[in-house]
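A.B. asks: Letter by letter, the chains look like this.
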Amino acid sequence: MIESVVQARNLVKSFDDLHVLRGVDLDLFRGENLVVLGKSGSGKSVLIKIMVGLLTQDEGSVKVLGQEVKDLNSKQLNELRLKIGFSFQASALYDSMTVRENLEFPLVRNVKNLSKREKDKMVEEVLDSVGLLQTINQMPSELSGGQRKRIGIARTLILQPEIMLYDEPTAGLDPITCMDINNLINQVNEKYKTTSIIITHDLTCAKVTGDRVAVLLDGTFGASGKFEEVFENAEDGRIKSFYDYNFIKQ
Amino acid sequence: MSGESTKKDKVISKRIDRFFMGLESAYLFVKRFFKEVWFPPYEFKEVIRQCYQIGYNSLPLISLTGFIVGVVFTNQSRPSLAEFGATSWLPALISIAVIRAMGPLVTALIAAGKVGSSIGAEIGSMKVTEQIDAMEVSATNPFKFLVVSRVLASTFMIPVLVLYTDFVALLGAFVNVHANEMTSLSTFFVQVFDALSFLDITSSLVKSVIFGFTIGIVGCYKGYNSTKGTEGVGKAANSAVVMAMFLIFIEELLSLQVTNFFRQL
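Here the protein sequences come in this chain order: U and G. All residue numbers for the first sequence refer to numbering that gives the first Met the number 0, where the first residue is 0 and numbers rise by one. All residue numbers for the second sequence refer to numbering that gives the first Met the number 0, where the first residue is 0 and numbers rise by one.
Just chain G, with the same shape it has in the complex (with noise of 0.2 Å):
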């Protein structure tokens, strides 16, 4: 019986001590690209190339979800205004809720499964195919390379894409109001920005531009450290858009808090 128990004591302490190394690994990880991001060589190539990726090639993907959360959420919001005679309110209520929280999360979430699987994937076939370990001894810093424009190329263009997901969301909103209540588009947009403040642009461009870092470190760390041949890389591609994800609602819950603090200062 004591033995049975000093087994799942050895068990748990090793999953504990796996934790905190874990924890410690992804801590150096992230101070490594706040040292390394500084300074040259700069690889505005490569950089570019993965805003490119990253940006350009989710164009589609975003436009279909942005569309869709658009005109099914004003759907569903106009029979509850409708109770009250107030579905004139519909724009002001879309736009809040859009630029506040959909338009961020929706391609935060969406960008985690699709930029963060694939950095993930890609960084870590590259490390299992000794890729990585080639550009070592060549001379140059695999780090550089690929972590830091990676990183950089998705904190770039999350809040790019969060500002195109808004507008094709507000626009499919336009359509479904436009289809029922005959707005024209001049008043929609009116009551839309009537119903915006500084601070709610201005907070939802700053957790993107958080969750665009989240997104990138996330993947290039979970490819940098996979292991194990073919099995580590889809695991690596896996736990990088579980992970994200996950820290992406924490993220959204803390600056909500932090924006409430601001909107009643």
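Next comes chain U alone, as it looks inside the complex (with noise of 0.2 Å):
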């Protein structure tokens, strides 16, 4: 039987009088790349973010790698978060730092006894896996947005995470982009063998990078499955207008 690594039930969060998630049940399995569809603000982003602990959800229970988050210490709730990797939509590389720093935040405070060869030797090696090795002395801001998505998942790679969850990983970029960033996500996680959840509206990343695909509709998984089972059957409305749009189809 293949090992849940992260499993949620019944989740509930609302935010004042915005109900976001009512009652989301959700299961990842080692070694999968699950899709999470939805509208903007249908409560993706807040899915992902109740599992590192980000927000707390106001009913159900969250297990990741077999811990309740919630009841999680600081402490615990740290040695867990290493273990996940979180690639932030808008990147959330600090604007301060070189990309070489940005790489080495993690890295020198988790990582004790790391000398500076070792150090910039895990900084060279997971820069050139995402391909970016000659940007290692740029700031930020000198950046395309593509490359900062990359540099984004470098940083969480560093750590090398068991599970990658990355939010709206093409969100704003060209569709040459767009493709690069789907491989990457395979490449990722053939390589770190990781298991991973990627938050999209995009319905290419979903096809490209998705083992298994579910629609969040109205706070709930209105429907899951494989990329072809969910869409090219799709009897509801909702999930047929999404796959429209996407392919424009007339």
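Some hints here could point you the wrong way.
[As the list claims (entries may be wrong)] A few chain G residues that face chain U, going by a derived Cβ cut-off under 7 Å, partial list only: (1) Glu129; (2) Val136; (3) Ser137; (4) Thr139.
[Stated by the list, open to error] Each computed SDA-like pair below joins lysine to any residue, with the alpha-carbon atoms no more than 25 Å apart: (5) U:Lys82 x G:Pro39; (6) U:Lys74 x G:Phe142; (7) G:Lys44 x U:Leu81.
[Claimed, not checked] Across the chosen pairs, the derived CB separations fall in these ranges: (8) U:Gln137 x G:Pro78: 25 to 33 Å; (9) G:Lys30 x U:Leu216: 38 to 46 Å; (10) U:Val11 x G:Gly112: 42 to 50 Å.
In short, the hints are calculated from the structure, not lab data. Where a beta carbon is used, it is the ideal one built from N, C-alpha and C, also for glycine.
Using the hints, build the complex out of the two chains.
C.D. replies: Pasting the structure below:
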């Protein structure tokens, strides 16, 4: 039986009168890429932020690697976070630091007794794996949107996480760069043996990267399964329109 | 009519709620600072970097302002003393005014504008671009890295800047006194130090430490709690300056009362 690394049950989250998640159930199995699709504001990002303890659910449970996230103290939560890589929508690179310093930041704080040589080697290795070794001494403001996304992913990879959470990895990028990012997600999955959740509303990204797709509609998963299963035989008008809009079906 | 007054009551009650919630959140923020400052990991590198930003980068502005304050205050005070034929008391008058009040106050107000706003804007923009969340998910305590380091740096550096401003303002005063009364440098500074007591210097330094802490914590609090995108960043920077300046004047008033109490002992 395949191990479930993330398990959410009856997850409820509201912001004042806005009910974002209304009883979400989710299982993420080791080694798979799960794509969570949904409209803007449907609660996709909220879902993964609850998984890393950036937000707390109102009701329900989230177990990550067997641990109930909301019951962890700050030390335990930090230990869990080291096993999770979180790639932010806007990359969230530290503006005042160079690319090298951005990558070193989690490393120096979480890996003890690391020599400068080892540190440099790890930074260069992970930068090379996202194909941006040449940007090592540049500032984030000097990078393009696609490069920033790649560096953001590299920063999360440096601690070699077991789970990767991608928040809108292709948002705001041109189609060619989107394809590069999609390929990178697949390469990361293969090379680092990660299990991933990819939050997106880009169906091409979902098709290329996802082993399984789940569509978030009105605070719960409206459909889930393989891409073709979910979209090609969709009966729900909202899922159909999502597909039609993305692929410009007449 | 009664419907209108109920609406007004609701608005007032909401404002009162917001005020007390703000007070509570500020109290919790300060409490968290004092809780986290003692325990490792210590971000020494970041504290030193911030000391450089706050201290060294403020020097040109502080030098210019301090010098001008010294020159202008001396010039404005001369006619009043000249009426009593007491222009020889200028160095003593200036030293007391500069060390007791003007040096710390001018430095703190300038730092509130320059340092407070930059801390508020920097942390605010980090908050709205999810950089603070990124630190958190990489198992780093952003409060320690961003807030504790900046508050410590401003608490250390403002007293140093105050001493520097005092010196530059006295230098400005000397230039003016020398040009008009032909007083020598040594005579000027002998009179300056004769007029000062131990209490003047310690009270000035103690209040500078409080001003530094205020500037740092207010800037960090406003930035850390900023919302609503870039508009929120601007608001955070602006309210950091306004709130810090307001608190600095209140602290100045309180410190005057406390110092006077000790002076009378």
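A.B. asks: Hint by hint, note whether the structure agrees.
C.D. replies: Against the structure, the hints come out as follows:
1. For glutamate 129 of chain G, the interface hint holds, the least distance from its beta-carbon to any beta-carbon of chain U being 4 Å, beneath 7 Å.
2. For valine 136 of chain G, the interface hint holds, the least distance from its beta-carbon to any beta-carbon of chain U being 4 Å, beneath 7 Å.
3. Nearest Cβ of chain U to the Cβ of serine 137 of chain G: about 4 Å, under the 7 Å cut. The hint holds.
4. A hinted interface residue such as threonine 139 of chain G counts as satisfied when its beta carbon comes closer than 7 Å to some beta carbon of chain U; here the least separation is about 5 Å, so the hint holds.
5. Of the supplied pair hints, the one linking lysine 82 of chain U and proline 39 of chain G holds, its CA atoms being roughly 22 Å apart against a limit of 25 Å.
6. With a C-alpha separation of about 15 Å, the suggested pair lysine 74 of chain U and phenylalanine 142 of chain G falls inside the 25 Å cut-off, and the hint holds.
7. Between lysine 44 of chain G and leucine 81 of chain U the alpha-carbon distance is near 23 Å, which keeps this suggested pair within the 25 Å criterion.
8. The beta-carbon spacing between glutamine 137 of chain U and proline 78 of chain G, approximately 60 Å, falls outside the hinted interval of 25 to 33 Å.
9. Checked against the given bound of 38 to 46 Å, the beta carbons of lysine 30 of chain G and leucine 216 of chain U, roughly 43 Å apart, stay inside it.
10. In this structure the hint that valine 11 of chain U and glycine 112 of chain G lie 42 to 50 Å apart at CB holds, the actual value being about 46 Å.
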